Amino acid sequence: MVAYSGDPLFPLKMNPLTPPATIKIREHDLFLDHSLPWRYWHWFSGLFHGNFGLDLSNNPVRPQLFLHMGVTLRMVVLAFVLAVIIAVSLGVLSALKRGGLIDRGITFTTFFFLATPVFVTGLFLKFYLAIPLDKYFGRQILATNGAQSPLASGSFLHRLPDLAAHFTLPTITLILAVFSSWTIYQRSSILETMNMDHVMLARSKGISPRRVLRRHILRNALIPIITVLALDFAGLLGGAVVTETVYSWNGLGRWFLGGASNIDLNVTLAYLLFTAVLVIMFNLLADIAYGFLDPRIRYR
Amino acid sequence: MSIFRKKGRSGEKIETQWSTAMRNFRKDKMALTGIAIFVIILIVALVQTMLNPKGWSTLTTDFAKPPSWHHPFGTTDSGLDLMSGCLKGALQDLIIAVIVSTMALVIGTAVGAVAGYFGGLLDSVLMRVVDLLLVVPLLTILIVMSNIFSSGGGSPLAIALLIGFLSWTYISRLVRAEFLALRERPFVEASIALGASSWRVITRHLIPNAIGVIMVNTTLTVAGAILLESTLSYLGLGIVPPAVSLGMLVQDGQGSATTSPWQFFFPAGLLLIIVLCVFVIGDGMQAAFDPRNARRRK
Numbered sequence: 001m002v003a004y005s006g007d008p009l010f011p012l013k014m015n016p017l018t019p020p021a022t023i024k025i026r027e028h029d030l031f032l033d034h035s036l037p038w039r040y041w042h043w044f045s046g047l048f049h050g051n052f053g054l055d056l057s058n059n060p061v062r063p064q065l066f067l068h069m070g071v072t073l074r075m076v077v078l079a080f081v082l083a084v085i086i087a088v089s090l091g092v093l094s095a096l097k098r099g100g101l102i103d104r105g106i107t108f109t110t111f112f113f114l115a116t117p118v119f120v121t122g123l124f125l126k127f128y129l130a131i132p133l134d135k136y137f138g139r140q141i142l143a144t145n146g147a148q149s150p151l152a153s154g155s156f157l158h159r160l161p162d163l164a165a166h167f168t169l170p171t172i173t174l175i176l177a178v179f180s181s182w183t184i185y186q187r188s189s190i191l192e193t194m195n196m197d198h199v200m201l202a203r204s205k206g207i208s209p210r211r212v213l214r215r216h217i218l219r220n221a222l223i224p225i226i227t228v229l230a231l232d233f234a235g236l237l238g239g240a241v242v243t244e245t246v247y248s249w250n251g252l253g254r255w256f257l258g259g260a261s262n263i264d265l266n267v268t269l270a271y272l273l274f275t276a277v278l279v280i281m282f283n284l285l286a287d288i289a290y291g292f293l294d295p296r297i298r299y300r
Numbered sequence: 301m302s303i304f305r306k307k308g309r310s311g312e313k314i315e316t317q318w319s320t321a322m323r324n325f326r327k328d329k330m331a332l333t334g335i336a337i338f339v340i341i342l343i344v345a346l347v348q349t350m351l352n353p354k355g356w357s358t359l360t361t362d363f364a365k366p367p368s369w370h371h372p373f374g375t376t377d378s379g380l381d382l383m384s385g386c387l388k389g390a391l392q393d394l395i396i397a398v399i400v401s402t403m404a405l406v407i408g409t410a411v412g413a414v415a416g417y418f419g420g421l422l423d424s425v426l427m428r429v430v431d432l433l434l435v436v437p438l439l440t441i442l443i444v445m446s447n448i449f450s451s452g453g454g455s456p457l458a459i460a461l462l463i464g465f466l467s468w469t470y471i472s473r474l475v476r477a478e479f480l481a482l483r484e485r486p487f488v489e490a491s492i493a494l495g496a497s498s499w500r501v502i503t504r505h506l507i508p509n510a511i512g513v514i515m516v517n518t519t520l521t522v523a524g525a526i527l528l529e530s531t532l533s534y535l536g537l538g539i540v541p542p543a544v545s546l547g548m549l550v551q552d553g554q555g556s557a558t559t560s561p562w563q564f565f566f567p568a569g570l571l572l573i574i575v576l577c578v579f580v581i582g583d584g585m586q587a588a589f590d591p592r593n594a595r596r597r598k
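Residue numbers (this note's numbering), protein chains in the order written: chain H, 1 to 300; chain A, 301 to 598.
For reference, chain H alone in the conformation it holds in the complex:
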């Protein structure tokens, strides 16, 4: 599919000055003169040797993949964990105060952010929070460019303030992009569990509301949201592509964007493989988590 998406030598062929012999040699280097199944097999068998192939400028793809992966995963994992915590607590809060002012406020906020595209949130925070703040204090409080300062060096602790300045905005952006649908889901899941018979029974036995919430409601209401989290992880990665573009992070998403627009097959394939593996892994983790949360589910 990727191979059909375009011709990587298009710019070369468009240039009338390129001699046909050069095109022939490049075609041979990129295996374009071979059949498609052969090329796929060549790439696929390379994978088992840990070989991701070369990009269009003849640099190996593997070190690039891991370099960019480090940058992206730092942001995605942090945002994911924080977003889950925020979504679950907001969902519980608004379900418990159903119909009240807090509930309405939370519902409105979630709808608002559900409707906001990631790049709008990102750009807004960048231009109307970070830049005025930096101007006001006369120095850089929140960085808007890159994952760290280009000149940063020294131990990890030494670089921490710099890293934090660069991390804050992208992480907030990513959290705002995903937390709302989870909050809505968590709210309805709690409301559904609250009306179940066993919760009624626990209440009528005189167990304290706090204990009912923790032992009887939360434990059951957390199960369905795990499915949603696993499924939405793919969306989070998509959001990361946009966030990296807004804040010029040198992460996987931007690397992939560049690869896709140059029709750099090995780069694109490496990224697709990475997302697919990650999404499948998360679905597997979700299945395992079910087993812990719900004793009725047994895997034989």
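Keep in mind the hints are simulated off the structure, nothing from the lab.
Each hint should be verified, as a subset may be incorrect.
Subject to a maximum C-alpha distance of 30 Å in a straight line, what follows is the list of computed DSSO-like cross-link-like pairs (lysine-lysine) [as the list claims (entries may be wrong)]:
#1 H:205 / A:327
#2 H:97 / A:327
#3 H:205 / H:97
Keep in mind that this is a model prediction, so the values were computed, not measured.
Given the coordinates of chain H, work out where chain A should sit on it, guided by the hints.
This is chain A only, laid out in the frame that chain H set:
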């Protein structure tokens, strides 16, 4: 069980799922407000684009002017009237969204119906295809495929068809789940026992009963399509000039967001309002079609 038949055999009015939902929906103030704002934007966009079709291609000497009576949304750095651009872009986004959601509705319902009704091998094959499409993020597939349509001139129709071709999976899953539950019900069995064909059972009995799920998710697909298209255009991979979309305007405006904020706020705000309206409408429909909700309100 037809959703449109309003009278029973003896002529008295009977409650159909559709009429109950419509009645519930008419009481929902939020959803009605959403529809009202949405329609107003649509009409203004249509009228403006018809009255002033050259608004977005006429260069003026007003470079980056703030909003005024003459240019209600201000002008861009190159002196284009931003209001014409925004409304044209909004219209473009809505056209794409309509194409996408129609495709998602038709393909999703058909695949879900076939998989859920016939089951067996057909079901497994279709659902594996759906799984395959769900594993890789939609945006990623679109970015890879964007080379095809950008070399083809980035026509809005190509983008709409591509997004539509990829976004039916969610509806098909839900329709399948709904059908799996419905086909075990006595009225379906009765209908099959009376000799009704599969086509008749699906179109006359199953789809009318699953109409709530289908309608709600088609509405949500509209919002999803607008968001996807604008993100793609923001990344510079979607629509290319001379066509215009809100995502593209945001990208154009971001460079001057600190010096002339209207270039960022108007397209971004309009995009936000449109998607918010669609979500509110979808939410209202969900509540209206929910049978538990109907009982509680009585």
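Hint check:
1. The suggested pairing of residue 205 (chain H) with residue 327 (chain A) is violated, with an alpha-carbon distance near 39 Å, which exceeds 30 Å.
2. Our distance criterion of 30 Å between C-alpha atoms is met by residue 97 (chain H) and residue 327 (chain A), whose separation comes to about 23 Å.
3. Straight-line distance between C-alpha atoms of residue 205 (chain H) and residue 97 (chain H) comes to about 23 Å, which keeps the hinted pair within the 30 Å bound.
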